[in-house]
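J.: Going down the list, the protein sequences come from chains A and B. Per numbering that gives the first Met the number 0, the very first residue in the first sequence carries number 0; after that it's consecutive. Per numbering that gives the first Met the number 0, the very first residue in the second sequence carries number 0; after that it's consecutive.
Keep in mind that a hint or two might mislead.
[To be verified] In silico DSS-like links for lysine-lysine, alpha-carbon gap of 25 angstroms or less:
hint : chain 1 : residue 1 : chain 2 : residue 2
1    : B       : K206      : B       : K218
2    : B       : K58       : B       : K321
3    : B       : K215      : B       : K237
4    : A       : K126      : B       : K1
5    : A       : K123      : B       : K1
[As the list claims (entries may be wrong)] Here are a few chain A residues that face chain B, going by a calculated C-beta distance under 7 angstroms:
hint : residue
6    : L109
7    : L120
8    : K123
Read the hints as simulated data drawn from the structure, not as lab findings. In this text, a Cβ means the ideal position worked out from N, Cα and C, and glycines have one as well.
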Amino acid sequence: MVKVDGTNNKDALIRVRDLDKKYHRGSEVIDVLQGLNLDVSVGDFVAFMGPSGSGKTTLLNLLGGLDVPSDGTITVAGEQINRMSGRVLSAWRARHVGFVFQMYNLIPVLTAFQNVELPLLLTKLSKSDRRRHVETALSIVGLSDRMQHYPRQLSGGQEQRVAIARAIVADPTFLLCDEPTGDLDRKSADEIMDLLVRLIGEHRKTILMVTHDPRAAERAQSVLHLEKGALVEAHR
Amino acid sequence: MKFLPLILRNLFRKKIRTTLTVLSIAVALFLYGLLATIDTAFRSGVDAAGADRLICRNKTSLIMPLPVSYRERILQIDGVADLTYASWFGGVYQDPHNFFQQFAIDKDSYLRIYPELVVPKAQMDAFLNDREGAIVGRHTAERFNFTLGQRIPIQGTIFAGTWEFNIRGIYDGRRPEDDTSLFMFRHDYLDERRVWGRGVVGWYIVKVRNPQEAAKVAKAIDARFANSAFESVTEPEKVFMIGFLKQMGNIQLLILSIGLVVLFTLLLVTGNTMAIAVRERTGELAVLKTVGFTDRAVLSLVLVESVAIALIGGCVGVGMAKLLTLAPLSIKNFMPVFYFSPTRMIGGMLLAAAVGFIAGLLPAILAMRLRIVDALRRV
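Please construct the entire structure, taking both the sequences and the accompanying hints into account.
T.: This is how it looks when you write it as structure tokens:
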């Protein structure tokens with residue numbers, strides 16, 4: 000159950016309190032997020048919407064431990080990540096977060112299999128176990144027959160599915176998707192959204208997604224708007 | 000090992016650029032190999048010099064002789080264990096281009112002082128029994144196809160006339176750095192035939208009982224002949240060989256200078272390649288960090304890639320240099336010890352690895368410090 004009012008939700012997987020993020024541009028200070036609160040439970044599918052520059056991606060970066068807040072706390076599964084060192088945060092990301100980007104961000108010289116395998120290289124899994132995990136992830140996204148293809152040999156939709164397989168291969172606690180359909184045609188975008196919904200339903204994943212696309216946002220359980228640095232629930 | 004595919008893929012993603020960088024490193028290491036080989040050739044006498052041997056020569060000049068009577072007087076000096084002598088002959092075999100060193104040696108003591116020059120006993124006996132006998136090094140024997148029993152004429156340039164010798168022995172060196180190009184014949188034959196210079200020798204080789212006392216013994220020898228008509232200079236064989244080398248110029252400084260220029264150029268070439276490679280892959284490095292690669296892991300990946308490129312180039316260059324030194328080259332006639340030693344080869348590979356490491360360090364640090372958020376924004 001998603002909440003943005005800062006009241007305690009004891010079942011929350013992700014708990015954000017009084018989150019501030021400021022950027023400095025020369026002598027100018029830009030307040031991107033101000034006193035933001037958020038509670039997300041396991042299995043939630045949340046879409047963040049808002050105009051460009053409203054701080055959607057910044058929020059996603061903070062939740063994923065890619066950036067550090069100016070103030071406030073972010074707690075994920077009981078661990079307060081805003082206090083972690085860079086090294087601990089790297090290990091935490093590897094264990095808990097799967098990232099999906101708008102531009103897929105696959106490594107062009109690696110095959111689909113090798114791209115999906117990347118997060119597993121940081122684990123102690125054996126080669127055969129890694130292979131098993133990668134094959135499972137690629138079969139979930141429907142690309143078992145494209146394992147040895149390079150990104151340039153895949154369509155945009157297929158590349159994004161490889162990126163999703165890479166995001167889920169280590170069985171992370173939650174997925175962060177930044178405009179996952181932003182670079183896709185309608186049909187491919189719908190397929191990606193079907194896949195994300197299926198990950199929630201069949202694999203009980205928690206997904207937080209930034210999108211400009213109302214049709215993609217419709218598929219989420221909750222839609223939150225970023226306004227003046229804070230989140231408000233959208234009326235559906 | 001599990002990161003190997005990632006490293007290999009990155010290495011060869013820009014095949015032409017990687018190949019050119021590898022080739023530039025290979026050429027530099029090839030040059031290093033040649034310089035090291037030439038240095039070894041020049042220094043072979045120094046490296047082969049015995050710590051327990053002193054060279055006693057005329058104080059005025061190396062070409063001035065010493066009396067043969069000094070032999071007994073040197074042997075009486077405390078600390079001297081043994082002694083031999085030799086003289087430069089300077090003859091020409093068939094053609095002045097066919098240069099090789101010829102020494103007249105004391106038949107009984109010379110090879111006793113130089114145990115690293117090995118002659119089979121039967122051949123040694125034949126040499127001792129033939130006044131016109133000669134012992135030749137394996138290198139020169141193979142160069143001119145000399146065989147045992149062959150009679151060869153050598154035209155004297157210092158000592159007039161045609162001198163004929165019977166090849167009675169072929170010696171080998173115990174170590175790769177031992178010179179096997181010498182042609183040695185009996186000093187009593189020289190004394191018998193020469194019309195001037197009887198009763199003198201070119202230089203003495205003194206074996207000391209204790210190498211720690213070499214300086215003291217050298218001083219005592221020179222003191223014994225001070226203020227005589229034939230004053231002497233005695234010094235350790237190694238010092239003598241270095242002094243001999245210096246007459247040809249500071250070869251080591253020359254080699255070091257060339258080496259440093261090559262090394263510096265190499266650092267720029269490899270550093271530039273790695274800097275471009277990292278800049279091109281900013282987004283990918285950010286993705287690696289996003290999925291959990293630590294800053295150190297990213298640093299290591301870039302460094303390993305840089306060192307790998309340098310090592311591949313190093314292998315090619317060092318291998319080419321080794322092959323060249325094994326080929327039949329005319330330069331070997333003048334540099335008998337034309338030898339690229341395993342130690343120098345390992346040195347070359349370490350040099351290549353160091354170049355790769357230093358050249359990759361700055362790009363690797365930049366990659367390590369890369370902020371994910373900034374890098375992803377650039378994608």
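J.: Are K123/A and chain B close enough, Cβ to Cβ, to be under 7 angstroms, as the hint says?
T.: 10 angstroms, violated
J.: Given the hinted pair K123/A and K1/B, is their alpha-carbon gap at most 25 angstroms?
T.: 11 angstroms, holds
J.: Against the 25 angstroms threshold, does the CA-CA distance of K215/B and K237/B hold or violate the hint?
T.: 16 angstroms, holds
J.: With the threshold set at 25 angstroms, check whether the alpha-carbon distance from K206/B to K218/B stays at or below it.
T.: 14 angstroms, holds
J.: Can you verify the interface hint for L109/A: is its Cβ closer than 7 angstroms to any Cβ in chain B?
T.: 6 angstroms, holds
J.: Is K126/A close enough to K1/B, meaning Cα to Cα at most 25 angstroms?
T.: Answer holds: K126/A to K1/B is near 8 angstroms, not above 25 angstroms.
J.: Under the criterion of a CB-CB separation shorter than 7 angstroms, is L120/A in contact with chain B as hinted?
T.: Holds: closest Cβ of chain B sits about 5 angstroms from L120/A, inside 7 angstroms.
J.: Do the alpha carbons of K58/B and K321/B lie within 25 angstroms of each other, as the hint requires?
T.: 41 angstroms, violated
Consistency with the previously given hints fails for numbers 2, 8, ordered from lowest to highest.
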